[in-house]
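Under full-length UniProt numbering, the first residue of the sequence shown carries the number 1, and numbering increases by one thereafter.
Hints may be right or wrong, so weigh each one.
[Unchecked claim] Computed cross-link-like contacts, EDC-like style, restricted to lysine to aspartate or glutamate with a CA-CA straight-line distance of at most 16 Å:
1. LYS64 <-> ASP49
2. LYS364 <-> GLU342
3. LYS289 <-> GLU389
4. LYS302 <-> GLU248
For the record, the hints were derived by calculation from the structure and aren't laboratory data.
Just so you know, these numbers come straight off a predicted model, no measurement behind them.
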Amino acid sequence: MRFFDFYKAHGSSNLSDFDILTRGYDNSREVEQARKEKALEVALECVKDGTLTSIDSIESPLSKKIKEFHGRDTFEINSHWIEMSQLWFCPCCERDKFGISRVGNKGQVLAKLVVHHDHIADALKAAFNKVFVEFSVSKPTLTGLSLVDRLAEGFATYSPVLVCEDCNNADAKAKRAIADRYGSNLKYHSFSIMQITRFIVPREHSPHDINEEELFSIWLACREDYKSRMKLIYEVAKVAVLTDCWFEGYPADFNPIPTLSNRKFYGGLGWVSPEALSAEVKKQAMPTKPNMKRWRTEPRKKGAQPPESYLSLILSLPGCRGMWESAGEKWVCPVCCRSKYETVEYFDKEVSFITHSPPRQSPKWRGVECVCKSCFRVMTAMMKELRSEFDAVISSAFDCVGPVELKSMIIASPHSQHRIDNKVAIELLDRKRNAFR
1 MRFFDFYKAH GSSNLSDFDI LTRGYDNSRE VEQARKEKAL EVALECVKDG
51 TLTSIDSIES PLSKKIKEFH GRDTFEINSH WIEMSQLWFC PCCERDKFGI
101 SRVGNKGQVL AKLVVHHDHI ADALKAAFNK VFVEFSVSKP TLTGLSLVDR
151 LAEGFATYSP VLVCEDCNNA DAKAKRAIAD RYGSNLKYHS FSIMQITRFI
201 VPREHSPHDI NEEELFSIWL ACREDYKSRM KLIYEVAKVA VLTDCWFEGY
251 PADFNPIPTL SNRKFYGGLG WVSPEALSAE VKKQAMPTKP NMKRWRTEPR
301 KKGAQPPESY LSLILSLPGC RGMWESAGEK WVCPVCCRSK YETVEYFDKE
351 VSFITHSPPR QSPKWRGVEC VCKSCFRVMT AMMKELRSEF DAVISSAFDC
401 VGPVELKSMI IASPHSQHRI DNKVAIELLD RKRNAFR
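Could you put the whole structure together from the sequences, leaning on the hints where they help?
Here it is in structure tokens:
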């Protein structure tokens, strides 16, 4: 039952107020539509006179320059071109809009940008149909296609990206060249923009030429990966068709999370911010107070020694990799004095290496570039206890303690979270609660 029907059915002493608010909301839609129409009119005028360059039109200064250069007035323009800045340049060939523009076969100026995307989703659906035929499946699958749709993005070799039409066409041209040379079926393969950049020969106002030697080198390097991906896709399609317990869908008209944030607004509720509503109601609630002493009173599980492959795992995680490389080979945590290797954590078969840098303006930490994850974890826990128990005003975890104070209360072990000397921690807390009031 829709909220408004439910509301009317159950009645309310404030129903008349709600009706008034609803009427105001309905009227505001007309006002909003009028504002949108006016905004469009003004936007087009600003594009025309050159004061707005974040979108484009056939009458923009850029378009006038393009018309003059090509000596043509007829434009073939698409939505992506219109919605993109006049200062945009293709991330693949690095030409700007002026350089991308060219004359088409019908004498028109081509002004088109396209979304370059992977075709793995098509491969999954084709494999899905193929399994039905090969295994003579007579029983329909209720969840298989949903599984295929949800997995498609995970098999893609890159995310969709906006490029000029010539770069997108170069991908198709390259696949034809490979098919002619190697007889390969590249129906579901698509080169990424980093690969396309390497084999195109871009020129302004012209389609790209292809450097076939570079193209074939790229294809030979990724051919086996493509074949492996196709085999894996076929196995996934078999699972999707031959089993029926992978994904349970909902009826099309069913909203599985019907909170205010996730459903259409009806009447006056269109004026209500879900975030503001929750914040206002929570003021009247009595939340359960967490135990802020656990960081210093409860024992810590000892971490295991990382596997031999720990470094390759760390370097495969973008965040960890950056921290590992920034720390330097001989880095040692300046607080707990553990080596770089000893600060690597290995819990629940997951490897991590994380460091934290103090704010530059922090007087307690001058000269310190970064500390290990365990040291920062202790500072953060201490800050939370001071804030919760003593209403301390602290802007950063590094403001709680200096390196010497922190070192005095921790008991460090390789690959593990620090244990805490609770007696020392209590003494520090007693001193700090007065300092931060």
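Against the structure, the hints:
no.	hint	result
1	LYS64 <-> ASP49	holds (11 Å)
2	LYS364 <-> GLU342	violated (25 Å)
3	LYS289 <-> GLU389	holds (10 Å)
4	LYS302 <-> GLU248	violated (40 Å)
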